[in-house]
Amino acid sequence: MTNIKIIPKKDKKEEIKKETVDNSTDKENKTKDIDTGKKANKIVLPGDELIKSIDYIAGHGTYREGNKIYSKLSGILKNRDHVISVIPLAGKYVPKARDFIIGEVSYITFSNWKVDFGYPSEATLPMLGVPEYIENGVDLTKYYKRGDLIFAAISSVTKGMIIQLTMKDKKARKLYSGKVIFISSPKVPRVIGKEGTMISMIKNKTGCIINVGQNGWIWIKGDNEALATKAIKMVEQYSHKSGLTNMISDFLDKELKKVGPPEKKGEQR
Amino acid sequence: MTILQQNKQYITENIAKSRDDGRKHDQTREISIETGILGKAEGSARVQIGKTEVIVGVKVDIGTPFPDTPKSGVLMVNSEFSALASPEFENGPPREDSIELSRVVDRGIRESNTIAVEDLCIEPGEKVWMVFVDINITNHDGNLIDAAGMAAIAALMSAKVPKINEDGTVNRDGEYKGSLPVKDIPVPVSVGIINSTMIVDATKLEEQCIDSRITITTTKAGNYCAMQQAGSHETTEEQILKIGEIAQKNGKERRLIIEKSVKK
Amino acid sequence: MGSDRPKKYEKLIINNKRLDGRTLDELRPVKIEVGVIPSADGSAYIEIGNTKVLAAVHGPKEMFPKHQMNENRAVLNVRYAMLPFSTTERVRPGPSRRSNEISKVTRHALESVIFLEEFPRLAINLTLDIIQADAGTRATAITAGAVALAHAGIPMKSLVAATAVGKIDGKLALDLNGPEDNFGETDMPIAMTSTDKNITLLQMDGDFTKEEFKKALGIVKNSIEPLFEAQRKALQDYYK
Chain A
6 MTNIKIIPKK
16 DKKEEIKKET
26 VDNSTDKENK
36 TKDIDTGKKA
46 NKIVLPGDEL
56 IKSIDYIAGH
66 GTYREGNKIY
76 SKLSGILKNR
86 DHVISVIPLA
96 GKYVPKARDF
106 IIGEVSYITF
116 SNWKVDFGYP
126 SEATLPMLGV
136 PEYIENGVDL
146 TKYYKRGDLI
156 FAAISSVTKG
166 MIIQLTMKDK
176 KARKLYSGKV
186 IFISSPKVPR
196 VIGKEGTMIS
206 MIKNKTGCII
216 NVGQNGWIWI
226 KGDNEALATK
236 AIKMVEQYSH
246 KSGLTNMISD
256 FLDKELKKVG
266 PPEKKGEQR
Chain B
11 MTILQQNKQY
21 ITENIAKSRD
31 DGRKHDQTRE
41 ISIETGILGK
51 AEGSARVQIG
61 KTEVIVGVKV
71 DIGTPFPDTP
81 KSGVLMVNSE
91 FSALASPEFE
101 NGPPREDSIE
111 LSRVVDRGIR
121 ESNTIAVEDL
131 CIEPGEKVWM
141 VFVDINITNH
151 DGNLIDAAGM
161 AAIAALMSAK
171 VPKINEDGTV
181 NRDGEYKGSL
191 PVKDIPVPVS
201 VGIINSTMIV
211 DATKLEEQCI
221 DSRITITTTK
231 AGNYCAMQQA
241 GSHETTEEQI
251 LKIGEIAQKN
261 GKERRLIIEK
271 SVKK
Chain C
86 MGSDRPKKYE
96 KLIINNKRLD
106 GRTLDELRPV
116 KIEVGVIPSA
126 DGSAYIEIGN
136 TKVLAAVHGP
146 KEMFPKHQMN
156 ENRAVLNVRY
166 AMLPFSTTER
176 VRPGPSRRSN
186 EISKVTRHAL
196 ESVIFLEEFP
206 RLAINLTLDI
216 IQADAGTRAT
226 AITAGAVALA
236 HAGIPMKSLV
246 AATAVGKIDG
256 KLALDLNGPE
266 DNFGETDMPI
276 AMTSTDKNIT
286 LLQMDGDFTK
296 EEFKKALGIV
306 KNSIEPLFEA
316 QRKALQDYYK
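Protein chains in written order, with the working numbering: chain A, 6 to 274; chain B, 11 to 274; chain C, 86 to 325.
Bound-form chain A, shown alone (with noise of 0.2 Å):
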């Protein structure tokens, strides 16, 4: 893995020194704790200069100016097979094709169901996108209603920001009770985790059934409903930091001691 050096504008000397800097999203990788001071994760901002070369590609969250690449954003530089990118720490979701989102049905229409998953427009479930084989002229609230929540994966996304979505998948499905927190959509592969290790922790220590939408829209049940919420919200605050995983497994365990552990509920499949 290359390292490099962040010159700031202000530093005239223009020279690409090695230095070791974590450069890599694997965070659940790194054992260092909170505590330790040594900075993992570079923060960069808005026309902050990160390297002098032709050499690297302008990844995403950067842009190119002659030999230089700047950041576009505020958000944790990355720098992987000469690809310089910057993972963005706030924004919005962008919807990308077999994403799963969560959303609300917000209406029904002769041929398909308009689903709300905070996106400035609806996503589109078609009657072909469900699973069950549904004649024309049957009345498709019998299916999915306005306000059912769903589990779904995108399908397609256009231009124009056309979002199919499809229920054919054996993740997707309707959601029954429960509640849905909203968290900003970057966090989401933090509370997911690498291979879903930081979320699966969450759901085995507080003894509920947690789905993740891409799109930043998380749907819990469960009787510690309100401890998973301040444990993926504790995330959320902290994506940025090192030994996030200890961090939130120590806090649980210590909120547990003062209620006892969950009944386990299992996997809702």
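A few of these clues could be false.
[As the list claims (entries may be wrong)] A few chain C residues that face chain B, going by a derived Cβ cut-off under 8 Å, partial list only:
{"no.": "1", "residue": "L104"}
{"no.": "2", "residue": "P123"}
{"no.": "3", "residue": "S124"}
{"no.": "4", "residue": "A141"}
{"no.": "5", "residue": "L168"}
{"no.": "6", "residue": "S171"}
{"no.": "7", "residue": "T172"}
{"no.": "8", "residue": "I216"}
{"no.": "9", "residue": "N267"}
{"no.": "10", "residue": "T285"}
{"no.": "11", "residue": "M289"}
[Said to hold, decoys possible] With a straight-line Cα cutoff of 20 Å, these simulated PhoX-like cross-link-like pairs (lysine-lysine) come out:
{"no.": "12", "chain 1": "A", "residue 1": "K238", "chain 2": "B", "residue 2": "K214"}
{"no.": "13", "chain 1": "C", "residue 1": "K256", "chain 2": "C", "residue 2": "K282"}
{"no.": "14", "chain 1": "A", "residue 1": "K226", "chain 2": "B", "residue 2": "K27"}
{"no.": "15", "chain 1": "C", "residue 1": "K116", "chain 2": "C", "residue 2": "K325"}
{"no.": "16", "chain 1": "B", "residue 1": "K262", "chain 2": "B", "residue 2": "K252"}
{"no.": "17", "chain 1": "A", "residue 1": "K235", "chain 2": "A", "residue 2": "K262"}
{"no.": "18", "chain 1": "C", "residue 1": "K325", "chain 2": "A", "residue 2": "K83"}
{"no.": "19", "chain 1": "C", "residue 1": "K282", "chain 2": "A", "residue 2": "K57"}
{"no.": "20", "chain 1": "C", "residue 1": "K93", "chain 2": "C", "residue 2": "K252"}
{"no.": "21", "chain 1": "B", "residue 1": "K230", "chain 2": "A", "residue 2": "K235"}
[As the list claims (entries may be wrong)] Beta-carbon label-pair distances, calculated as ranges:
{"no.": "22", "chain 1": "B", "residue 1": "D177", "chain 2": "C", "residue 2": "E203", "range": "39 to 47 Å"}
{"no.": "23", "chain 1": "B", "residue 1": "D107", "chain 2": "C", "residue 2": "M289", "range": "22 to 30 Å"}
{"no.": "24", "chain 1": "C", "residue 1": "Y94", "chain 2": "A", "residue 2": "K57", "range": "31 to 39 Å"}
{"no.": "25", "chain 1": "C", "residue 1": "P114", "chain 2": "B", "residue 2": "G178", "range": "17 to 25 Å"}
{"no.": "26", "chain 1": "C", "residue 1": "N157", "chain 2": "A", "residue 2": "D174", "range": "29 to 37 Å"}
{"no.": "27", "chain 1": "B", "residue 1": "G49", "chain 2": "C", "residue 2": "D110", "range": "20 to 28 Å"}
{"no.": "28", "chain 1": "B", "residue 1": "S222", "chain 2": "A", "residue 2": "P125", "range": "54 to 62 Å"}
Simulated from the structure, these hints should not be mistaken for laboratory data. Every residue gets a Cβ at the ideal spot worked out from N, C-alpha and C, and that includes glycine.
Mind docking chains B and C on chain A? Use the hints.
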């Protein structure tokens, strides 16, 4: 964003036994009050109740009285729901809930004689004091009326009246002749009803589940000086009487906080 | 400008120092806090001397009214407003011709650096509330606005900060305060980008010779860096 149907159901189903943030039904979030925060206003206060934040500025000026009330000064309460404070607040003409808030807060101050407009007369028919109370909501997380009401009275209590210059104009050089004559401490307390459960200090989410809301403003003596019911649901006499008691109790507690903050 | 001066403002410069103790090329103290408004997507509070501004960003979000949307890029809506209690004489609430003009030039000052093409058909709403005015309100608002935009994750080429240069008692001075703006001869607010120090806001009223103007531009260029530093520090501190 309008509350999700599922979340509304969740809050409504659970409200009888618990609130989403763990508070008791008659528990108010943490209140913090700071006065004297604005250098160009004659009085000012910032109140936070939980994440709700309101700033109030009091401006004092000299003017001529209205022809039909020559011995009365002017008290005007105005409110702005700044577009900063919530995604659904747009820039434009005042919303009906902003107008309602300013009128409810005004009623509390005026009807309790907290500021008596006769006390604002300088020269009958010629010169009177004009007191402007401008409320600005900077973050909306519910219970705006209560927060605004507290900020308004805290700002008035800490407000100073400028000296009048020899030429009859208001002195703007920091010379004051004393405090505003503030004779009471009216405190509005709003209670929301969800499925017959009564809650004090509703958050923005809870407010979207409320059937009706009753605001009762009490005075130092514990009397009611202003009331307002909102929401398209019926309330019973029993509920209203109960809310009156809740308003007295919470009003008393909040009054202490206001007095403490103004003393500083 | 040029109103009857009270005695205490007869001379704005005494022994090369201004009435508030600053030298001619000194900025007022700056304080910036990020994330002060939980309901907003991005927010910042700023104090430059006694001028205090709250900035909040909502968006990118759906554009209203729909007919004003742009197919190719986002629309930045800026609203600058002086709150009624922000000045010595109360300001009537609501838009004025002045606030309208300032909203426009502020919008241009910030639009220049935003990658608006990344959000076609959407709106980015920036609200700038002047809580206390002691001159330099539009410059302060722009400086806060840029921080709020960065906090909201809006992609920008660079940060933008603004200040003003004026002429008081015949001498060029940086970042005029209230009395200096009131009784001085000239005021020129300028906004610049952090990357190239290019200008995105330029307004001026008063009297400048060609040389004075050139010199004034130079003063801003040389003195604006501390504003960018304050912006960066506020954002970095927020993420600590």
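What are the numbers of the hints the structure violates, in ascending order?
Hint check: 1, 9, 10, 11, 13, 21, 22, 23, 24, 25, 28 fail, others pass.
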